[in-house]
Amino acid sequence: MPKSEAQKELEVYRKTGDAYLSNEDKNMNFSKSDKPNKNIKEEILLILQQVCDPEIPVLSILDLGIVRGIIPIDDEIEIIITPTYSGCPAMDAIAIDIKLKLIEYGYKKVKVSYTLSPAWTTSWMTLEGKNKLKQYGIAPPNDKNEKDFQKRINNLLFKEEENIECPQCHSTHTNLLSQFGSTACKALYQCLDCREPFDYFKCH
Amino acid sequence: MNQHQQINESIKCLIDQTLHLADTCLILGQRNSEWCAHGPILEQDIAITNITLDLIGQARNFYQYAAKLLVEYEQKQATEDTLAYLRTEREFKNLLICELPNGDWANTILRQFFFSTFQVLLFEEMSHSKDAQLSAIAIKSIKETNYHVKWSSEWVIRLGDGTAESKERMINAVDNLWMYTGEFFIPAKYETIDVVLLKEKWLQKVKEVFDEATLIIPDKGFMQSGGKLGAHTEHLGFILSELQYLQRVHPGAEW
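Heads up: the sequence lines are chains A and B, in that order. Residue numbering for the first sequence follows our numbering, starting at 1 and increasing by one per position. Residue numbering for the second sequence follows our numbering, starting at 1001 and increasing by one per position.
Hint data in this document are derived by calculation from the structure and do not stem from the laboratory. It should be emphasised that the depicted structure is a prediction, and the values quoted were computed from it without experimental measurement. Among these hints, one or two may not hold up.
Unchecked claim - Just so you have them, the derived chain B footprint on chain A, three or more residues with Cβ under 8 Å:
#1 92 to 104
#2 171 to 181
Said to hold, decoys possible - Okay, the calculated beta carbon distance ranges per label pair:
#3 89/A <-> 1132/B: 22 to 32 Å
#4 1125/B <-> 182/A: 29 to 39 Å
#5 1211/B <-> 111/A: 48 to 58 Å
#6 182/A <-> 1091/B: 11 to 21 Å
#7 173/A <-> 1171/B: 37 to 47 Å
#8 1229/B <-> 162/A: 44 to 54 Å
To be verified - In silico DSS-like links for lysine-lysine, alpha-carbon gap of 27 Å or less:
#9 1220/B <-> 159/A
#10 111/A <-> 1167/B
#11 1068/B <-> 1012/B
#12 144/A <-> 1143/B
#13 159/A <-> 1068/B
#14 1068/B <-> 99/A
#15 1068/B <-> 109/A
#16 1076/B <-> 159/A
#17 1220/B <-> 1201/B
Every residue, glycine too, gets a C-beta built ideally from N, C-alpha and C.
Work the whole structure out from these sequences, hints included.
Laid out in structure tokens, this is it:
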């Protein structure tokens, strides 16, 4: 049977990171008796791929890396998510969307809970997600800066993240206009070659 | 004190400390939000309101935790909303500097710089807290607060080392705010984080930025405190009457 698009995508997620599973899940060896649970989790992952960030609708919540656990208990499903930023106003909307989407697929008892630890980082964003961002016109977080930018940030007065690529013309000849953009997670840049201003999803 | 009383006492301290952290974030967030649509230019209007959003988010995390503790250990009915909307001025434990009026842009910037510089140091300490939730909130928040320090430091330098007028405004802001910075480092009984230890590091960072900004740190003088214990300036009542109006007039109203 040919693989569906969704199944193919799921494989990509498996390869690019297992951020969507809790540590417990990662360490869990699925024994035979767990098999039904494992199938439920996979099914739910496929459904969660359809839940998008309301502010950046091309990104699913799996692309963002904010799903931290899927726990089926009896006939109830608990989904654990973590906020990108403390004040992210999208969190409540995302929780509602998760519930609605799962109800659509017949899961009636759904609980969405939040965890703060470990703190979300842009390095949990999938490669797929970063590519989708770029196509959408938002520069994705720069992998190279990601690792130590936070640590160096306060020695960088009047400096900016380097090599941010313009999503329109791909020039890296770009300039920070404002550290704070249209949402908490983005900064505003301008391309000095094609002159287009653009959003940059900043390292976090 | 027997063991039971000691546990009760430490839970009380934890709740008070969490409320102090929550109130501080909420009140500064509320103040900064007054800039919404009034910022000097669009990008900076967006910047200060983004910072506000982070502060309100941090406040929510602290309030949710305080409410959980109150429900679990004191059998009180509390939610993040009742804690923010239904407590009186004397119950608020925020730092005084947060409740002062915004003043001009220089005053707002300088307060944010003093506060965020302190907050990063506080969160660094808190990230090692034995309390798992306080530690989690600290680690989460510090990433955001680092951006606040960077942004406000740059503005302090830009204005301090700017035009004659911007410099004069910065000097006025220093005169206005300095006496409220001492409170950062005066520990309240309920505080488990040793804030005294943070003073040297804070002063060092302020000095670095002030040197760049050609500003001078004032000589030692009187330092006002009281906010951590619920003794506030007259300004807090006015903030709360605006912040709490809807819930007081229409109890339980929801969006």
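Comparing the hints with the structure gives:
1. 92 to 104: It is violated: at least three residues are needed, and the stretch 92 to 104 of chain A offers just 0 whose Cβ sits closer than 8 Å to chain B.
2. 171 to 181: holds (count 5)
3. 89/A <-> 1132/B: 22 to 32 Å: holds (26 Å)
4. 1125/B <-> 182/A: 29 to 39 Å: holds (33 Å)
5. 1211/B <-> 111/A: 48 to 58 Å: Given about 53 Å between the Cβ atoms, the range holds.
6. 182/A <-> 1091/B: 11 to 21 Å: violated (37 Å)
7. 173/A <-> 1171/B: 37 to 47 Å: Since the Cβ atoms of residue 173/A and residue 1171/B sit about 39 Å apart, the hinted range of 37 to 47 Å holds.
8. 1229/B <-> 162/A: 44 to 54 Å: Given range 44 to 54 Å: holds, Cβ gap about 47 Å.
9. 1220/B <-> 159/A: violated (33 Å)
10. 111/A <-> 1167/B: violated (54 Å)
11. 1068/B <-> 1012/B: holds (13 Å)
12. 144/A <-> 1143/B: This hinted pair holds, its Cα atoms lying about 18 Å apart.
13. 159/A <-> 1068/B: Not OK: residue 159/A and residue 1068/B at ~42 Å, beyond 27 Å, violated.
14. 1068/B <-> 99/A: holds (24 Å)
15. 1068/B <-> 109/A: Satisfied, since the Cα-Cα distance of roughly 23 Å is no more than 27 Å.
16. 1076/B <-> 159/A: violated (49 Å)
17. 1220/B <-> 1201/B: Distance of about 17 Å is within 27 Å: holds.
Hints 1, 6, 9, 10, 13, 16 from the earlier list are contradicted by this structure; the remaining hints agree with it.
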